[in-house]
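Hints in hand, dock the two standalone chains.
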Amino acid sequence: MRTLSQKVWDDHLVRREDGQPDLLYVDLHLVHEVTSPQAFDGLRQNGRGVRRPDLTVATEDHNVPTENIDQPIADEISAKQVEVLRANAAEFGITHYPMGHANQGIVHVIGPEMGLTQPGMTIVCGDSHTSTHGAFGALAFGIGTSEVEHVLATQTLPQPPQETMAITVDGTLPEGSTAKDVVLAILAECDTGGGIGAIAEFRGSVIEALSMEGRMTVCNMSIEFGAKAGMIAPDDTTFAYLDGRAHAPTGADWEAALDYWRTLRTDDGATFDREVVLDGAAITPHITWGTNPGQVIRLADNVPTPDHFDDPVARDAAARALAYMGLTAGTPMREVAVDTVFIGSCTNSRIEDLRAAAAVAEGRRVADGMRTLVVPGSGQVKAQAEAEGLHKIFIDAGFDWREPGCSMCLAMNPDKLSEGERSASTSNRNFEGRQGRGGRTHLVSPAVAAATAIAGTFASPADLA
Amino acid sequence: MEPVHIVQGTAVPLDRSDVDTDQIIPSDWLKRVERTGFDKGLFSEWRDDPEFVMNRDEHLGASILIGGPNFGTGSSREHAVWAIQQYGFAAVVSSRFGPIFKNNCTKNGLVAVEVTPEIGDQLMAAVQADPTLELTIDVERRTLEAPAIGVDVSFELSDAVQHRFLNGLDDIGLTMQHDDAIGSFETTRPGFKPATA
Ligand code: SF4
Chain A
1 MRTLSQKVWD DHLVRREDGQ PDLLYVDLHL VHEVTSPQAF DGLRQNGRGV
51 RRPDLTVATE DHNVPTENID QPIADEISAK QVEVLRANAA EFGITHYPMG
101 HANQGIVHVI GPEMGLTQPG MTIVCGDSHT STHGAFGALA FGIGTSEVEH
151 VLATQTLPQP PQETMAITVD GTLPEGSTAK DVVLAILAEC DTGGGIGAIA
201 EFRGSVIEAL SMEGRMTVCN MSIEFGAKAG MIAPDDTTFA YLDGRAHAPT
251 GADWEAALDY WRTLRTDDGA TFDREVVLDG AAITPHITWG TNPGQVIRLA
301 DNVPTPDHFD DPVARDAAAR ALAYMGLTAG TPMREVAVDT VFIGSCTNSR
351 IEDLRAAAAV AEGRRVADGM RTLVVPGSGQ VKAQAEAEGL HKIFIDAGFD
401 WREPGCSMCL AMNPDKLSEG ERSASTSNRN FEGRQGRGGR THLVSPAVAA
451 ATAIAGTFAS PADLA
Chain B
1 MEPVHIVQGT AVPLDRSDVD TDQIIPSDWL KRVERTGFDK GLFSEWRDDP
51 EFVMNRDEHL GASILIGGPN FGTGSSREHA VWAIQQYGFA AVVSSRFGPI
101 FKNNCTKNGL VAVEVTPEIG DQLMAAVQAD PTLELTIDVE RRTLEAPAIG
151 VDVSFELSDA VQHRFLNGLD DIGLTMQHDD AIGSFETTRP GFKPATA
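Residue numbers (the working numbering), protein chains in the order written: chain A, 1 to 465; chain B, 1 to 197.
So that you can see chain B by itself, here it is in the shape it has in the complex (with noise of 0.2 Å):
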């Protein structure tokens, strides 16, 4: 994946709660073997909205999605972070995510920034007035800002996750430096456990 340091730009307000992988992507756009192409797909059923707020204007060009509670809820489907990234969002803000969701963000740089439910209502009250409000998020020091309306907040984000974030490090290469470790583990599994051939 591609080093993330700050995401700086407009955001989209999606004022709706439980916006579940479903929506995110509909199904249909699972079919696809490859790992492009997903950004069409991106709330596709409600994109046929032209009043969407994404279809909207005012919000072209943002690089931050602000979501209501519980955004990401449902499937494991990694798509629905492929196509929120491939749309053009870098960071994804909501006071609370689906667990996977947020899990398969850290493995494609797409920055989940959980919030309290206030600082989440502020931002979603404020990005709603004005289109053009600037937000910050600097993964390095963990923290979101919107200096138009004093919003300046931290936000969890585990040293080992922001470390491949702002490495641009793969996950499967930093395991196999302990092959070693796996290969003994190996050793002591035991000889009951089952065999898939």
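Isolated chain A (complex conformation) (with noise of 0.2 Å):
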């Protein structure tokens, strides 16, 4: 009897030996241009190719600038990278989406989007939001430089065994709360460790309710709680959004692979490592306050006291965080001011989370002096947004719409918080300076992001007028 994870890994097994780690097939490697000039470089020292471009993709996300990409990149260090991407593509035959091409976007968004990322794969990226490909029931994680240049040379990846964690969300969540809070509840119950040295099943009706782009967040954010890799059983969900994508299996061949996605759960009987349990009925919008993606509490509770924590070193982590973050210890969560809100990153930019924060958008109007981006994840999200008039939704409410990328998500290209600055945003990383040094980030869903957007403090859709 074997969990979904451990079938996965079962097909990908290319030897096993005794006191080795498993040498694993990689069915899908993503490039992109941060972690990837080095690796390039490695094999181009040892005299070694790439074994397999037809299964490796590239694309430019992480430096691009999400205004005038008809102009060359400003920054010359960050054009010199991308520049750099697109030179290592050529040269080794590798398929690559550049900025302003309708493929291109976050790598995590343009791989599930082209069919690419499909259930029972190996996929990894170096970068550890790989995770979020494991929504579809794939083995998908994070990895560094030099894996890259592993994966890159053989296709394949020594791979030490995994613990196995299920976490299964039961009930039904509340009117109002999305997979976010799903996840960012998932994090106040395991913190920053608790998935370390495993790879985390979800599970329960909750999930099973959720859509592709709501399994895709919660997937995405495994790596925030330690786990290697985060997984969901494929299911008529899967096969219905995967059905007519651009590199999905067609005819027979479409038959075949269901037969074998049909068979990639967890069998009855079988055994985690770990688990957790959460009653999503209790699930509501949740919101982050300190500098790291555990330090999360529900959106209508009040900023924590560091002497509420038993543990001298959270009690230490509580205090510092409260001091970067310009907080007061049980200052209503509400009433705290916001000057940015971002809305876009892998976690959330997909358009069913631009549905979400247009839905709150509305007819309303952005509060004044807010700062707002709404960046769509990749080329086909934003022109997906513009045939369904999002775009027009945002721009009217006094958002400001801009081209796919990482965008504020990280301090790479010219979206950045500077010294002090709070935002509300819907990526996955609130460590300090993470979106420009100084910056104070609070991590929220796309419809939080939103009436905050409209309320000037931290709201969710229920408290707009």
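Worth double-checking, as some hints may not be accurate.
Label pairs and their in silico Cβ distance ranges [what the hints assert, rightly or not]:
1. Pro98(A) / Gly173(B): 29 to 35 Å
2. Asp57(B) / Asp75(A): 47 to 53 Å
3. Ser205(A) / Ala129(B): 26 to 32 Å
4. His101(A) / Thr36(B): 30 to 36 Å
5. Ala462(A) / Val153(B): 52 to 58 Å
6. Gly456(A) / Val153(B): 52 to 58 Å
7. Ala270(A) / Leu166(B): 21 to 27 Å
Just a few of them, taken from the derived set where beta-carbon distance is under 10 Å, the chain A residues facing chain B [said to hold, decoys possible]:
8. Leu28
9. Ser146
10. Ser211
11. Glu224
Treat the hints as calculated values from the structure; they're not laboratory data.
Ideal Cβ placement from N, Cα and C applies to all residues, glycine included.
What follows is the structure in structure tokens.
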């Protein structure tokens, strides 16, 4: 009896030897400009090629500006990194989607939308949020640059065994709660280390009821509690999403694939090394207050006081986080004023996220002085949103509608927070300086981000008059 | 990578939990396309503060970094490991590491020594009290010793990683010896799997 992750693992086993990590085959390698230049250099230095350019795809996302993309990138070092990727892709024969291309976008958004991400695959990328692709029942995880080079050269990775972890969210979510709130609630439970050494499988009625976009949001943040990967068993929702996508199988291949995909479930009676159970009905909108994603509370709560933490390490961390965040213990989160709202990132920049935010924005106005960025995750998301008229809703409400990229998720492109600036962000990391030096990040869902932009202080859509 | 047998020297006590990779090497530094030159980027935002522990004279020349729990959480950026190494550290000690960071250490010969929270606290306090305290990390014996304070503990290091550390071996070369196995696996891959081209 095996779990989902064990099945996918076993199906990619190239070689197993006592005392050695397993050698796993990699079905899809996603490449972006930040973590790959040194890997391609390594190949050149050692006279090695790319074993399977046909299983490799590259795009540029971290450094790209989200305005005036018909102009050259102004930051010279960013421009160089992007140029180096283009040159490497050309030299090694790798399909590459440059800035402005219809398929360009955040690497974890484009894989699924092109149908390259499919159930039962092994997927890696030099990026920790590769876990996103686990939403399809793929075993997907982030790797470092040395491993990027390893995969380029051999299409395999040595991997030590992992424990299994079940995270079950039962019941039904209350009205107004989203996938982002689910994963933030999981972080409240597991903290930043609860998943270390394990592959997590998300299960239960709340997970099953999520759309593919919602499942990607949940799996995206698996790494934030330390899990190697997060997975969700593929089902009819998954198959319906894939059907007809550019790289999805067709005809007899589709039938063969479906037969295989339907076997990708944890066997009844299989056991997990760790189990966490949450009651979906208790998950109201969540928000982070500190400087790691485990420092999270309900939007309805007050800023915690460090004395609430029994563990001295957590108490020190809380005190330091409050000082950095410029927050006073006891303040209701809903009374905290916000400077900037960022809707985007590989966590929440898909069409459904934009629809959720637009539903809140429609017919309303952004608060005076509020800076806003709405950044679609890819060229395809942008095109679809514009076809649905979402951009008009945002623009009419006073939101800034941008070109695709990682944008303000991390401070590598022109979209940054300044010292002391406070943001409501739909991204995945609230680390010190993550969105710009001295910036103060609060992680929230797209609906809460949009409501906050309107209210000027943290708010859920239900709070808006 | 270079072989590593023993790391011996003094340590810097970085007394914070949850030191993430964005702190270790802020994202501006990730724009470099080279593999060197990251030493100045290490903790660059904190290092602007003259009182930051790494800036203190008594810790100059230390070869071991002692961090609080959850060291190296966050992104996959291997630049974090390069920065720590290029600054001059050969080992990092913590009671818990971010898993991708820890794995990246194994690719570069940076020794990540995971100790119990008690030993972590004890080392932190001891090095804060006496910056000249000498530590010895022995990769072959998988031990961390600080004789002056009576610490002698073993740490986990898989046989495979230890073998590569001691011999300075490149993972890719090792895997390429199994080219036949990779080739025959490829013949078994189902035809419905996607290609990117
Ligand atoms: S959106 Fe943010 S988390 Fe996602 S890949 Fe880009 S930088 Fe990384």
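Status of each hint after checking the structure:
1. Pro98(A) / Gly173(B): 29 to 35 Å: holds, 33 Å
2. Asp57(B) / Asp75(A): 47 to 53 Å: violated, 36 Å
3. Ser205(A) / Ala129(B): 26 to 32 Å: violated, 54 Å
4. His101(A) / Thr36(B): 30 to 36 Å: holds, 32 Å
5. Ala462(A) / Val153(B): 52 to 58 Å: For Val153(B) against Ala462(A), whose Cβ atoms are near 53 Å apart, the range 52 to 58 Å holds.
6. Gly456(A) / Val153(B): 52 to 58 Å: Taking Cβ atoms as reference, Gly456(A) and Val153(B) lie about 53 Å apart, which means the hint holds.
7. Ala270(A) / Leu166(B): 21 to 27 Å: violated, 38 Å
8. Leu28: Holds - the Cβ of Leu28(A) comes within 10 Å of chain B, reaching about 7 Å at its closest.
9. Ser146: Hint holds; Ser146(A) Cβ to chain B Cβ min 4 Å, cut 10 Å.
10. Ser211: Because about 22 Å separates Ser211(A) from the closest Cβ in chain B, which is outside the 10 Å limit, the hint is violated.
11. Glu224: holds, 8 Å
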